[in-house]
Structure formats: structure tokens, C-alpha cells
Amino acid sequence: MSTPEELKFQKSHEWVRVEGTTAYIGISDHAQEELGDIVFVELPELEDEFEAGEEVTNIESVKAASPIYAPVSGTVSKVNDDLEDKPELINQNAYETFIYALEMSDSSELDNLLSYEEYQKFLEEEAE
Amino acid sequence: MFAYLPHTESEIREMLSGIGAASIDDLFADIPEDIRFKDRLGFEAGASELEVCRRLHSLSKANTEAVSFLGAGTYDHVIPAVVPAITGRTEFYTSYTPYQPEISQGVLQAIFEFQTMMCELTSLDVSNASLYDGHTAASEACALAINSTRKRDTILYSATIHPYTKQVMATYFSDLPVKLVEVPEKGGIVDLEAVKELLDDQVAALLVQTPNFYGFLEDYAGIADILHENKSLFIVSSNPLSLGVLKSQGEWGADIAIGDTQPFGLSMYFGGPSVGYIAAAEKLMRKMPGRIVGQTLDEDGKRAFVLTLQAREQHIKRERATSNICSNQALAALATTVYLSTLGKEGLKEIALLNMQKAHYLSERLLSELPVQLYAGQSFFNEFTIELPKPARQICERMEKDGFFGGVPLHTLHPQYSERLLMIAVTEKRSRDELDRYVECMKGALK
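Residue numbers (numbering that gives the first Met the number 0), protein chains in the order written: chain A, 0 to 127; chain B, 0 to 446.
Pulled out of the complex, with its shape left as it was, chain A reads as follows (with noise of 0.2 Å):
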């Protein structure tokens, strides 16, 4: 597992984690306190392709339902089975667990995505 500060950040709150060509894709603890308590979380299938920006999937919650965006383009290649049964471990930690990995295709669009302290302050900004 990887402290905030080693991810990578899309301003639609989804952070990402990289392990060789996989990018591991979850929601940061803003976006998890934003939304309460989180009661579904739809899983992408497996070897679906989806472009940066796509939407991928969605997460709702007892008062709302958000969209989970692509940071990067590529194969799905993971999902989170344990979401299934219990969708608020993402509550519990948001950093820890990831939704689903892909397959990354074009590993240099990791450069367009914020660092940890670039979208702390992101957050900062939104605030005022």
C-alpha cells in the first residue's frame, strides 16, 4: 500500500497507483467524505476498454451518485470483488482500496494526471 503523497490525481477525485504497466484507480478520501455513506459501487467488467476521461463507473451512496472517470486509457484487467459485499471499506480508507486496475495503453498520460500536493491545492481553490 502507498501513502497519498506517492498517487496520482485526477480533479475528479480519483487517485491512481501505478505498479509497472497497471494503474490501480480508486477515489480519495475527499471524495468518499463528500459522498456519506457509500451503499453500491458498480464494478467495470473485466477486458472492457475504456480512453482517459471515459467513464468507467459509478459509486452511490445514500444521497448521491457519482461517476468514476478513466485518469488513464486501457484494458480492464482488475476490480475490487470485495466492494460487492461491502462497498464502505472505501469509507473506511479510501486510499487503501482500490475499484478497479487497467491495463495501462499509453503510460505517458500518467504526465497529465496532479501530483498530491497539486490537487490539495485544487481542493484548497474549490473551497473559496
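I should point out that these hints are in silico values taken from the structure, not numbers from a laboratory. Mixed in with the good hints there might be a few duds.
As the list claims (entries may be wrong) - Lysine-lysine pairs mimicking BS3-like chemistry, simulated, CA-CA at most 30 Å apart:
id	chain 1	residue 1	chain 2	residue 2
1	B	K165	B	K316
2	B	K357	B	K185
3	A	K85	B	K230
4	B	K246	B	K230
5	B	K150	A	K10
6	B	K357	B	K428
7	B	K316	A	K85
8	B	K316	A	K77
With the hints as your guide, set chain B onto chain A.
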């Protein structure tokens, strides 16, 4: 509870002044002048109760009452007295949406039972609190299919579904990037070979109907597998009364079942209100449209009912919602629920058989004694289409003079149908005497 609570003149004045309106007419200011009814309703102000009743009674005499063989989606069925006795209770009749479960347990329980009954009838996993009518349900089912399959924009629908369903679907999808493709009919039923030819990786679902619009039964053996292999969904529409004796949609392998519950406890009402039902496989639950009631436990551990899975709905999904249905046909669905509770499984089967038997008795007499034939050599439930030697409308006009609504001339529902086609529905309400007189009446009309 009181059935009617009138306002006094001074209460009305107080409320109007409270909102800054000068008169009740001001509340209708948004309705354009040129479509407002300005005539009197045929009464002088201050007419006595007797005068009003007398006038209304004479107006009602202008209606034609006749023995009905009308169908095409709306049928003349028996309504047990217990149905209006329960729906007429003010707690149900004028209750609002059950958003506050703590004061709506009766309504919520009734809806939960309705949902359960729809699942049992269709052999599918989940259902909702009802939709506007069968045609809306078909459109919502297609939308559900499009939203549950990735990158597919095509709906195949059978030529043998109700023409109103086709029209509603066309309206529903008129501004969306969805292609509606009609599968031709062959011999009065859907051409399944044509389905195989039209199937490609853009097809989200196939929509069919059995009994179909002509009343004929369709055989879907093997179709569900072919569709599922293509990753398409299977949507089957059925008159729910037919499910009392015929194979359910779930048993055909359908992913979504839809239809209209008007035959269950609802009058013909000149065409509405009605109740649409939709049931689906569990995997489609999260995108199902409309309201859903769920069962849970309250803080004392007692069973309670609530609206649930609300993250699907418009007020949470907002512009990302896949349907803008946020209501249901609560009172009409209640009538259906009471009707089904009264009949039970055995009663439903009995009524369905009666319908079939009477329809077949009539068709056999007509086909053997008159110069008419079935539109196609297919089996049917309680409704069938025949071809007459003269325009059907003419025949019906003559039969009306003898006290019969002889059936629906298909041409009146859509010009694509021949003028000589007549669709006849026979329900459990039609007595043997009425059926025999119908035959004699049509003989006379055909001379």
C-alpha cells in the same frame, strides 16, 4: 375520515389574499386564453341538487351502452366489489406519495405486495411500484436495455406489438441517439428468422409481445439464448391475465417483462388510467426506472416498508438519470393488488381458462357458420383477429344497433391494417347467451 371537506367563502378569500391572488381564476393565469373553456356547463348558478342531478342523468343517456367485445389492450373484465371498497377508502383514495414512511406504511405495504405479485407472475427477480401504462413500460424497458449494455444504440421491435407502443417509443426516443428497427411479421406472428438476420453488435435488445397485437400467441423457444450470446437483452410484453395459464416471460428467458395490468381490477374508463408493470432480472435492478418499495426493520426490530434504491432516481442522479419517471399509478396499482389478492393463484388460473374457452367457443362458431376467416392460422388467448367480407367498421355500426360493440376494426387504430380486419375480445364476463346472440347478430350484419 370525512370523504369531502369543503371550504367556506371566507376561507377561500383568506387563502387568496395570503398568496396575493385576486380570484381563483388568477391561479390558472398560465393557461392560454384561447384554449380556456368560457361557456357555462349547462347549469344556472344556484341550481338545486335535484335540477343538477336531473340534468346530469339526461346527459348520461346520450351514451351508448352495449355488450362489449372490445379489446386491443383495454378489456371488459369482472371487478369484484371488494376492489372499489378498498380503493375508495380515503386513506388510499387521497393519500399523497409515501415519502414519509412513518405515516405511509399502508400505502408502502400495498405497493410492496404489488411488486411481489408482478415478480411471481413474470418469474423475474425485481419489480417496481408501477409505471404509467404498458406503452410507457415498453419504452422504459428499451431505455433500461440501452443503459445496461455498452455502446449499443439499437432496439429491435416486433411488427406485432401494439401500434400505440410503437408510437410512444418513437416519441420517447425522438431526440436520443437510438435506432428503432422493426422486425417484420410472418403469418401473423413475429418473424424470428428475420430477428437472426437483423442481430448485430449494436442491438441492445429485442422487444416482442405475446399474446401479440392480433391476439395470437408467439413461440420464443431458443430466442433468449441467441440474444444473450450476442450480449443483447430480451424484453417480452404480455397481458398479465394470460400468465394465469401461459408461459411467463421469465420462463421464456426474458431479462425484462412488461405489460399493462388494466385487466386486473380496472374499468375500461374510455382508455385510462391504467397501470404499466415492469419486472427484470436482478442484474438490472440498479438501473430500473421508477419507484421501488423495499422491506426493512424499524428501530424496534419490526418489519417496515420504505422507498428504496433512490440513488437511481432523478432527484439524486439529476442530469445523469436514465429515466425521469418519479411517480407511480398508486391507486390503480392498488386496485390490481386487491384484485389479485381476491382471486389468488387458483382464481387467476380459472379466470384465464374461462377467457380462453369463451373466446374459442365464439371463434369456432364464427369460423364454421359465417363467411369469415382467422387473419392467420395461429393459437390465441382471449382475443383474435378475423377477416370479414366487408369493411369491419360497417359491420360494427350495424351490430351496435343490436346492442353489441362487436370488436375493434384494426384500421381505426392504424391505417396500415386492412379495413376488413376485426379484432374480437371475449372475457369471462360474456355469457353463453351473449355469445350466441353475437353470432346471430353478425350473421344479420353480413347480409
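Okay, the hints, checked on the actual structure:
no.: 1; hint: K165(B) to K316(B); verdict: 28 Å, holds
no.: 2; hint: K357(B) to K185(B); verdict: 27 Å, holds
no.: 3; hint: K85(A) to K230(B); verdict: 28 Å, holds
no.: 4; hint: K246(B) to K230(B); verdict: 23 Å, holds
no.: 5; hint: K150(B) to K10(A); verdict: 26 Å, holds
no.: 6; hint: K357(B) to K428(B); verdict: 9 Å, holds
no.: 7; hint: K316(B) to K85(A); verdict: 22 Å, holds
no.: 8; hint: K316(B) to K77(A); verdict: 27 Å, holds
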